Amino acid sequence: MVPDFFQFYFPTKVLFQAGLSRDFSNELSLLGVSRMLVITDSHLLKSGMIEPIVEGLKLGGVEKTVLFSDVPPNSELTAVKKACEKGMEIEAEGILAVGGGSVMDTAKAADILLTLGGDLVQDYSGAHTLTSPLKPLIAVPTTAGTGSEVTQVAVILDESNGVKLSFLDRYLYPTIAILDPELTLSMPPKLTAMTGMDALTHAIEASTSLEANPYSDAFSMKAIRMIKDHLAKAVQTGSDLKARSNMLVASNLAGVAFDHAMVGVVHSMSHSVGAVAHVPHGMANSILLPWGMEYNFDVAKERYSDVGKRLGVKTQGMAVDEAARAAIEEVRALRAELKRACGLPDRLGEAGVKESDLPKIAQLSVEDGSSFYNPREVVEAEVLETLKRAY
Amino acid sequence: MPYFENSEKLQEVLGGFFRMLLDDPSIGQKLKESKLVIKFNYADPNLSITIDCSKDPIPLTFNDSATKPEVEMNMKADTAHRFWFGKVNLLAALTRREMVAKGPIPKVLKLLPVIKPAYDLYPKYLEQNGYQNLLI
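One line per chain: the protein sequences are U and H, in this order. Residue numbers for the first sequence follow the numbering used here, so the first one is 541 and each next one is one higher. Residue numbers for the second sequence follow the numbering used here, so the first one is 5 and each next one is one higher.
Keep in mind that the hints were calculated from the coordinates and are not lab data. Every value quoted in this text rests on a predicted model; they were computed, and no experiment measured them. Incorrect hints may have been included.
[Claimed, not checked] In silico lysine-lysine, DSS-like type, Cα no more than 25 Å apart, as pairs:
#1 H:36 with U:900
#2 U:704 with H:36
#3 H:91 with U:704
#4 U:900 with H:39
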């Protein structure tokens with residue numbers, strides 16, 4: 541069904557190839573950047589992954605680089621400011637971000653400060669507050685993943701008052717996204733599973749969101765199929781480049797999908813589980829995805845039937861209800877396979893959530909912005925019941 | 005032709021509606037709990053409305069340059085009018101810059117489920133207060 545109105549805007553150039561991160565000089569030279577700020581985290585720096593990438597920048601005309609690697613697990617304002625200061629040391633003309641979601645968000649926010657100056661919080665926090673393009677940003681994801689390399693949003697914690705700041709703007713889309721599956725080979729099994737289920741949740745929730753449209757559907761449905769076919773393999777055999785390649789592309793597709801269509805109740809609950817019990821986002825999504833699908837069942841079953849086809853369910857001849865239920869069971873089956881492979885928890889209690897946390901999580905879930913886009917109203921009492929079943 | 009002929013009319017209509025929301029037991033209570041200080045800057049006609057949910061009772065002020073808001077929402081008055089009918093897709097309005105939101109957006113997004121019931125209340129408010137000409 542075509543909605544009354546939708547929009548699709550995707551300015552990021554996406555390039556995929558094994559090893560590409562070490563030489564994308566064709567595209568880099570067109571940007572005319574001779575001084576580059578490189579943002580990553582200390583773990584990746586110690587791994588030796590960054591050096592060949594930085595070395596390869598010279599092939600694209602970059603003469604000077606400066607490195608910032610103190611990105612914390614969740615982006616923080618102090619890190620953004622320090623990254624910007626590093627960039628200013630060499631009057632950086634562009635930014636290269638190599639890492640996961642936190643590195644990407646830090647880089648996007650640093651780009652705002654590096655380009656425009658001023659006060660990040662007072663002047664730019666919000667939605668579509670920017671009025672001009674930023675310096676080129678090249679995003680190189682090392683997880684599969686958040687999809688942040690193709691989204692227009694950055695979330696930064698202001699540590700001084702504990703407030704999470706959102707920056708949502710078309711100028712935050714990275715200029716180029718380099719998908720190099722070799723960078724994901726060293727991801728441990730559990731991280732592979734968590735980030736992969738995060739991507740699956742993005743794709744499934746984008747397909748049922750109130751903002752879903754034919755363009756986001758094309759991306760989300762393809763992503764679902766690729767994740768179903770390759771996630772377990774990527775977890776079980778981390779050195780399988782084909783599995784890693786498919787997962788990296790799938791998470792990118794899912795990122796495009798949810799950037800346009802938004803997400804829903806699974807993310808509402810996951811954000812809240814993360815806030816209260818500090819469960820990693822991908823783990824929370826993995827646990828809650830089938831329960832969120834149950835929550836939305838009555839209003840989204842036709843769509844879940846389509847999802848089922850992509851998950852490998854033989855839906856021909858099945859009634860819609862049956863096909864939708866089969867889709868949810870396929871998600872559970874994938875999750876069980878991941879648990880056998882790497883011990884990824886499939887229950888909130890197992891993930892460290894206390895039963896006494898559930899009422900607070902339910903309350904926060906209703907207040908989470910993602911609930912606005914859920915196809916069914918997010919009601920506290922019903923979310924609490926869902927959380928108890930997931931416990 | 006704008007829905008509101010002048011700032012006074014806009015203040016009368018939207019100001020009255022916001023006061024009604026603040027007095028609503030459910031919506032008002034949740035707004036109070038949010039403690040958000042939000043300022044709406046309207047254009048065509050020009051007016052700003054500041055709602056300070058950090059105070060009890062919640063003051064609603066017009067063209068207030070003294071109160072420092074946490075969040076500012078900028079839009080044309082006509083966009084606001086359509087929004088309260090539930091006729092504005094918020095995401096589209098933001099990306100097309102029909103609305104510009106400055107400040108911690110997560111705090112604003114938290115309120116969206118709270119104000120959703122207001123979409124049914126606005127047409128009723130207009131009818132009951134003699135603003136039938138503003139019904140869409």
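Which hints from the list above does the structure break, by number from lowest to highest?
Number 3 - this is the single hint that the structure violates.
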